Amino acid sequence: MVNTLPALVIIVPLLAALMVAAAGFIDKRACFPVAVAALSVSFLGAAALLVQVVNTGLAIEYRFAGWAAPMGIVYVIDHLSALVLVVITAVSLVNLVSSKQTIHREFADKEGAFISLYVLFTAGLIGMTATGDAFNLYVLLEIASLSGYALIGLGKARAPLATLNYLFLGTIGATFYLLGVGYLYIATGSLNMADLAAILPGMKDSGIVLFAFIIMLSGLFVKMALFPVHGWLPGAYSQSSSAAAGLIAPLTTKVTVYIMVRICLNLFSVDYTFHQLNVSDFLVWVAIATIVFGSLSALAQTDYKKMLTYIIIAEVGYMVGGFFLGNRMGMSGAILHIVNDAVMTLCLFMAAGIFLWKTGSEERGDLKGLFGSMPFTMAGFVLAGLSIIGVPPTCGFFSKWYLVSGGIAAGQYAFVAALLFSSLVNAVLFFRLFEISYFEPFIDHHHGSDDGGGHGGAGAVIQEAPMAMLVPFLFVSIMLLVLGIYSGRIVTNIIHFAIPAGVI
Amino acid sequence: MIWQLDLIILVLVIVCAIAAINVKDLLSAAILLGAYSFLLCLLWAIMGAVDVAFTEATVGAGVSTVFCVSAVFHTTRRTTD
Amino acid sequence: MDFLTVLISRANYWAYIILMMVGLYAMIAKNNLVKKIVGMSIFQTAVILFYVSIGAKQGATIPILRHGPVPEGGGIAHAALRHGTDAVQAVNYINPLPHVLMLTAIVVGVATLGVALALAIKVYKEYGTLEENEINQRLRRG
Amino acid sequence: MKLIGKMTILLCGILLIVFANKFPEFGDPHSPASTHLSPYYIEHTMADTAVPNMVTSVLADYRGYDTMFETTVILTAGLACFFLLRLPEEEEKEIYFRHVPTGVTIRIEECGAAPEDSDVFQRIDAQWVPRDIIIRSTSRLLMPFIQIFALYVVAHGHHSPGGGFQGGVILGAAVILFAISHNLRTTVAKISETSAAIMSAAGVFIYAGTGALCVMLGENFLNYGALAPLLGTDRVMARSHGILIVEIGVALAVMSVMIWIYYNLSSAGKQDEGL
Numbered sequence: 006m007v008n009t010l011p012a013l014v015i016i017v018p019l020l021a022a023l024m025v026a027a028a029g030f031i032d033k034r035a036c037f038p039v040a041v042a043a044l045s046v047s048f049l050g051a052a053a054l055l056v057q058v059v060n061t062g063l064a065i066e067y068r069f070a071g072w073a074a075p076m077g078i079v080y081v082i083d084h085l086s087a088l089v090l091v092v093i094t095a096v097s098l099v100n101l102v103s104s105k106q107t108i109h110r111e112f113a114d115k116e117g118a119f120i121s122l123y124v125l126f127t128a129g130l131i132g133m134t135a136t137g138d139a140f141n142l143y144v145l146l147e148i149a150s151l152s153g154y155a156l157i158g159l160g161k162a163r164a165p166l167a168t169l170n171y172l173f174l175g176t177i178g179a180t181f182y183l184l185g186v187g188y189l190y191i192a193t194g195s196l197n198m199a200d201l202a203a204i205l206p207g208m209k210d211s212g213i214v215l216f217a218f219i220i221m222l223s224g225l226f227v228k229m230a231l232f233p234v235h236g237w238l239p240g241a242y243s244q245s246s247s248a249a250a251g252l253i254a255p256l257t258t259k260v261t262v263y264i265m266v267r268i269c270l271n272l273f274s275v276d277y278t279f280h281q282l283n284v285s286d287f288l289v290w291v292a293i294a295t296i297v298f299g300s301l302s303a304l305a306q307t308d309y310k311k312m313l314t315y316i317i318i319a320e321v322g323y324m325v326g327g328f329f330l331g332n333r334m335g336m337s338g339a340i341l342h343i344v345n346d347a348v349m350t351l352c353l354f355m356a357a358g359i360f361l362w363k364t365g366s367e368e369r370g371d372l373k374g375l376f377g378s379m380p381f382t383m384a385g386f387v388l389a390g391l392s393i394i395g396v397p398p399t400c401g402f403f404s405k406w407y408l409v410s411g412g413i414a415a416g417q418y419a420f421v422a423a424l425l426f427s428s429l430v431n432a433v434l435f436f437r438l439f440e441i442s443y444f445e446p447f448i449d450h451h452h453g454s455d456d457g458g459g460h461g462g463a464g465a466v467i468q469e470a471p472m473a474m475l476v477p478f479l480f481v482s483i484m485l486l487v488l489g490i491y492s493g494r495i496v497t498n499i500i501h502f503a504i505p506a507g508v509i
Numbered sequence: 573m574i575w576q577l578d579l580i581i582l583v584l585v586i587v588c589a590i591a592a593i594n595v596k597d598l599l600s601a602a603i604l605l606g607a608y609s610f611l612l613c614l615l616w617a618i619m620g621a622v623d624v625a626f627t628e629a630t631v632g633a634g635v636s637t638v639f640c641v642s643a644v645f646h647t648t649r650r651t652t653d
Numbered sequence: 400m401d402f403l404t405v406l407i408s409r410a411n412y413w414a415y416i417i418l419m420m421v422g423l424y425a426m427i428a429k430n431n432l433v434k435k436i437v438g439m440s441i442f443q444t445a446v447i448l449f450y451v452s453i454g455a456k457q458g459a460t461i462p463i464l465r466h467g468p469v470p471e472g473g474g475i476a477h478a479a480l481r482h483g484t485d486a487v488q489a490v491n492y493i494n495p496l497p498h499v500l501m502l503t504a505i506v507v508g509v510a511t512l513g514v515a516l517a518l519a520i521k522v523y524k525e526y527g528t529l530e531e532n533e534i535n536q537r538l539r540r541g
Numbered sequence: 303m304k305l306i307g308k309m310t311i312l313l314c315g316i317l318l319i320v321f322a323n324k325f326p327e328f329g330d331p332h333s334p335a336s337t338h339l340s341p342y343y344i345e346h347t348m349a350d351t352a353v354p355n356m357v358t359s360v361l362a363d364y365r366g367y368d369t370m371f372e373t374t375v376i377l378t379a380g381l382a383c384f385f386l387l388r389l390p391e392e393e394e395k396e397i398y399f400r401h402v403p404t405g406v407t408i409r410i411e412e413c414g415a416a417p418e419d420s421d422v423f424q425r426i427d428a429q430w431v432p433r434d435i436i437i438r439s440t441s442r443l444l445m446p447f448i449q450i451f452a453l454y455v456v457a458h459g460h461h462s463p464g465g466g467f468q469g470g471v472i473l474g475a476a477v478i479l480f481a482i483s484h485n486l487r488t489t490v491a492k493i494s495e496t497s498a499a500i501m502s503a504a505g506v507f508i509y510a511g512t513g514a515l516c517v518m519l520g521e522n523f524l525n526y527g528a529l530a531p532l533l534g535t536d537r538v539m540a541r542s543h544g545i546l547i548v549e550i551g552v553a554l555a556v557m558s559v560m561i562w563i564y565y566n567l568s569s570a571g572k573q574d575e576g577l
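Chains as they are written, first to last, in my numbering: chain A, 6 to 509; chain B, 573 to 653; chain C, 400 to 541; chain D, 303 to 577.
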């Protein structure tokens with residue numbers, strides 16, 4: 006009996022997306038339940054896969070069309086991809102559930118198309134994570150990108166222009182990746198990652214392979230918004246609607262980092278990436294520049310959604326830098342941070358969505374007095390802020406701890422300093438937000454009245470977000486604590502096996 | 573494969589590409605892009621990639637050009653570069 | 400004659416690089432959004448040219464097996480086939496794999512083109528121009 | 303900015319040319335690309351799938367999973383264009399009609415009663431231009447031939463160049479030709495946007511559903527061999543038929559998405575007069 010779980014994880018969302026696309030023109034009410042059901046099945050499948058992989062300790066292979074590895078396309082689910090799959094499906098599901106009303110209000114006629122693109126985007130990311138074929142990854146990357154452009158493109162007034170820039174850079178990135186695959190193909194004649202990994206050690210000194218490595222990584226760097234090529238990210242994400250931002254902001258950059266990790270570790274070996282080529286120091290410096298740049302730009306923003314987008318850029322720097330430290334601590338930190346950062350970013354963007362719903366604006370000043378009127382939401386927001394800063398019981402602390410220890414072990418003190426600097430900046434940013442929302446009185450823009458309450462909005466009436474938004478949000482913010490408490494287990498049971506034995 | 577033909581078409585392809593991005597009229601740019609795609613289709617046909625050539629002839633030279641023209645029709649032909 | 404052999408063996412690779420750079424130049428340095436989209440299209444097709452060049456094989460025929468009645472005294476490929484499918488020699492047929500990959504890439508290209516043009520139309524509706532510097536001026540003014 | 307761009311491009315170009323000199327000779331039959339994987343496809347396509355056109359067999363069988371997502375990419379583009387561009391239909395202040403036999407244009411204001419859109423009274427827009435009768439009749443004459451050729455391309459993809467994509471695009475092009483030579487309203491009246499959208503989803507569904515059927519029959523996704531009992535043939539012929547089924551799905555999806563994208567692009571989402 007074949008284990009069909011790896012196929013189900015992606016096929017169910019794909020079929021659901023098709024049904025939703027058609028249902029959008031027949032009966033709009035069917036769209037949302039079908040999408041939620043499909044994403045739930047996908048999430049349960051991913052969780053089951055993770056349990057299977059952890060219990061058996063072996064990677065699961067699924068052969069599409071029944072052809073064995075180099076001839077056909079296979080899915081390979083190992084510790085790393087199973088972990089990322091769970092994160093992708095969970096984030097997508099929670100965000101969809103929480104933004105039901107927003108989608109309904111913002112895209113009245115196009116609800117079906119939006120949900121269909123949403124599910125297609127998720128399916129693309131799932132496929133990118135699970136695939137064991139270098140070219141198949143490109144196709145799925147394009148699905149995720151195209152649906153991402155569409156989701157972002159229908160936002161605020163400047164969204165189309167920002168999205169068009171994103172599309173140009175995204176296409177350059179994807180085409181560079183495709184070119185890299187072509188170089189590998191001309192050198193080896195194969196497209197399967199495992200097959201390539203077996204052939205490549207024999208041609209270490211080949212210039213073609215070197216260039217394939219360079220161009221694939223540069224393509225991915227464009228896609229993940231590393232420092233010199235980050236320009237598309239802040240505009241695109243801050244102009245998008247909150248339902249789309251809550252899906253795309255947490256996932257796109259993290260999955261791209263995951264692809265980078267996978268290409269460096271499983272396609273080109275650890276030996277090639279870290280010993281044959283002396284690029285890791287250079288890339289750590291690029292990451293440091295990204296962190297410093299992201300943090301400084303975030304300081305300059307008054308629009309909190311734009312501030313969050315610059316924080317995302319800094320976080321990309323954490324992960325890339327941590328990975329290229331080249332030791333076990335740093336890599337564990339980077340991989341753990343993929344998980345934690347996805348959840349933290351989701352939490353922050355959900356909070357931003359609730360604030361937008363409440364105040365109708367994304368200016369920092371308009372958060373005044375929200376502690377008084379939305380105590381639960383603000384409690385969750387404080388947790389998310391503390392996690393981004395890296396305060397102990399939350400998950401942000403643990404991944405940062407691994408990254409810092411990795412940096413010290415590798416002797417990269419500049420990286421450690423950049424991490425601490427960025428935490429400091431985050432502290433400044435978030436305490437400023439807390440201050441505004443705690444001490445300044447709430448102004449209700451909808452009714453144009455100032456309740457004139459004292460500190461903490463003593464006279465304010467509690468007016469929480471609707472349950473459908475609040476419950477998922479609080480669930481995610483509690484997950485921040487849970488992930489923090491269990492992060493030791495995640496590292497020893499899953500991430501430990503995801504890093505090849507050669508890394509010390 | 574006849575290499576003389578190959579070289580001539582390669583040169584024409586490059587000329588078309590450069591013309592498409594330098595011409596001062598967007599409608600001409602769209603048409604030149606179509607011509608570029610069609611020349612590439614010829615190139616692939618003589619290189620033996622018949623299926624790719626067929627697809628490029630229908631998709632690249634056919635439908636893409638129509639899309640470009642309709643987009644130009646709804647925006648503007650004017651360009652400064 | 401030496402230069403000529405080098406030219407023949409490398410011309411396709413050089414041409415793909417030139418096309419790629421032309422496309423990249425248009426995407427980075429051009430001011431007009433539709434010009435950038437045209438550049439993007441050229442950029443993507445350059446990679447397709449590269450892949451198809453990988454698949455080329457001297458002295459081989461198109462990747463469709465000769466089937467049905469075989470004429471008397473056909474080419475090498477036909478002669479090999481006269482003894483049934485077992486005699487198919489890989490040397491006689493062009494590598495089909497890059498062609499398959501590039502069918503996918505062409506389709507991805509037209510999909511991206513469609514979405515990009517849709518966005519360009521939206522930008523034009525918003526700002527009334529396709530020139531980036533004019534759009535930036537308008538944004539700065541208010 | 304422009305200077306930096308030019309410098310980067312020059313650098314990239316030089317780098318690419320340097321590395322390109324390390325490639326195997328152009329057309330070398332002994333290069334890794336021609337010796338590692340591709341001989342398997344060339345030598346086994348007949349025995350495995352009974353399809354002489356290797357490109358079709360690799361496209362729809364060995365790497366059929368890629369092709370399914372390729373079709374999905376097209377669907378995504380259709381959805382994206384609709385999502386980005388489509389404007390809600392609203393009542394216009396004034397509408398124009400043209401009385402076809404006399405060529406008189408009638409303007410009807412908000413309160414007036416509009417005639418039915420028919421052969422006699424044709425709804426037009428302010429920027430209407432007369433359509434040439436020669437072009438109209440010629441394209442009407444050509445359409446069936448184009449469509450027949452497209453069907454041939456779809457069905458004959460096993461034995462000659464062609465297949466679902468090419469055939470689908472040609473089918474779509476026939477409709478686009480009709481829309482260009484007549485006008486968009488006439489075309490939308492024949493193939494509505496809703497049916498184009500549903501057909502494009504259905505086309506991909508045929509592909510993915512065939513795969514899912516194989517899973518239900520207890521084999522791997524897209525392993526058409528599992529369909530053998532249903533089709534009443536042996537496993538090899540079942541693969542050949544399976545390829546035909548998914549090619550039909552691809553053709554349906556590609557045709558309707560091309561039409562759908564054209565509807566939205568050519569009218570900037572208004573779906574009125576069109577080009």
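Treat the hints with care, since some could be wrong.
Derived pair list, reagent style PhoX-like, types lysine-lysine, alpha-carbon separation capped at 20 Å [said to hold, decoys possible]:
#1 A:K209 / D:K324
#2 A:K161 / A:K209
#3 C:K524 / A:K161
#4 C:K524 / D:K572
#5 D:K572 / D:K395
Derived CB-CB ranges, DEER-like [as the list claims (entries may be wrong)]:
#6 B:V583 / A:K161: 44 to 54 Å
#7 B:Q576 / A:L282: 35 to 45 Å
#8 A:Q468 / D:P417: 46 to 56 Å
#9 A:A202 / D:R537: 48 to 58 Å
#10 A:A506 / D:L389: 27 to 37 Å
#11 A:T307 / D:V320: 42 to 52 Å
#12 A:S45 / D:E391: 34 to 44 Å
#13 D:L389 / A:R34: 52 to 62 Å
#14 D:L532 / A:R34: 52 to 62 Å
#15 A:E66 / B:V587: 26 to 36 Å
#16 D:R537 / B:N594: 34 to 44 Å
Residues from chain C that face chain B, not an exhaustive set, calculated with beta carbons under 8 Å [stated by the list, open to error]:
#17 I417
#18 A489
#19 I493
#20 Y526
#21 I534
#22 N535
FYI, nobody ran anything at the bench for these hints, they're computed from the structure. Quick caveat: nothing in here was measured; it's all calculated off a predicted structure. For every residue, glycine included, the Cβ atom is placed at its ideal position computed from N, Cα and C.
Evaluated hints:
Restraint check for K209 (chain A) and K324 (chain D): the C-alpha separation of about 14 Å stays at or below 20 Å, so the hint holds. A distance of roughly 49 Å separates the Cα atoms of K161 (chain A) and K209 (chain A); the hinted pair therefore is violated under the 20 Å criterion. Our distance criterion of 20 Å between C-alpha atoms is met by K524 (chain C) and K161 (chain A), whose separation comes to about 14 Å. At roughly 13 Å between alpha-carbon atoms, K524 (chain C) and K572 (chain D) fall within 20 Å of each other, so this suggested pair holds.
Using a Cα cut-off of 20 Å, the hinted pair K572 (chain D) and K395 (chain D) holds, with the two alpha carbons roughly 15 Å apart. Against the hinted window of 44 to 54 Å, the Cβ-Cβ separation of V583 (chain B) and K161 (chain A) comes to about 47 Å, which satisfies the hint. The beta-carbon spacing between Q576 (chain B) and L282 (chain A), approximately 42 Å, falls within the hinted interval of 35 to 45 Å. For the pair Q468 (chain A) and P417 (chain D), the beta carbons lie near 53 Å from each other, so the given range of 46 to 56 Å is met.
Between A202 (chain A) and R537 (chain D) the beta carbons are some 32 Å apart, a value that contradicts the proposed interval 48 to 58 Å. Restraint check, A506 (chain A) to L389 (chain D): a C-beta distance of roughly 58 Å breaks the suggested window 27 to 37 Å. The hint said 42 to 52 Å for the Cβ distance between T307 (chain A) and V320 (chain D), and at roughly 47 Å that hint holds. For S45 (chain A) and E391 (chain D), the Cβ-Cβ distance of about 35 Å falls inside the hinted range of 34 to 44 Å, so the restraint holds.
Between L389 (chain D) and R34 (chain A), the C-beta spacing of about 23 Å breaks the proposed range 52 to 62 Å. For the pair L532 (chain D) and R34 (chain A), the beta carbons lie near 34 Å from each other, so the given range of 52 to 62 Å is not met. Between E66 (chain A) and V587 (chain B) the Cβ separation comes to about 49 Å, which falls outside the hinted range of 26 to 36 Å. At roughly 56 Å, the beta carbons of R537 (chain D) and N594 (chain B) sit outside the given window of 34 to 44 Å.
At its closest, the beta carbon of I417 (chain C) sits 6 Å from a beta carbon of chain B; the interface hint therefore holds under the 8 Å criterion. Here the hint on A489 (chain C) is broken, as its CB sits about 14 Å from the closest CB of chain B, past 8 Å. Residue-level restraint check for I493 (chain C) holds (minimum Cβ-Cβ distance to chain B is 4 Å; threshold 8 Å). Annotation: Y526 (chain C) was flagged as interfacial toward chain B, and the flag is violated, the nearest CB pair being 11 Å apart, outside 8 Å.
Residue-level restraint check for I534 (chain C) is violated (minimum Cβ-Cβ distance to chain B is 13 Å; threshold 8 Å). Interface hint at N535 (chain C): violated, since its Cβ lies 14 Å from the closest Cβ of chain B, which is beyond the 8 Å cut-off.
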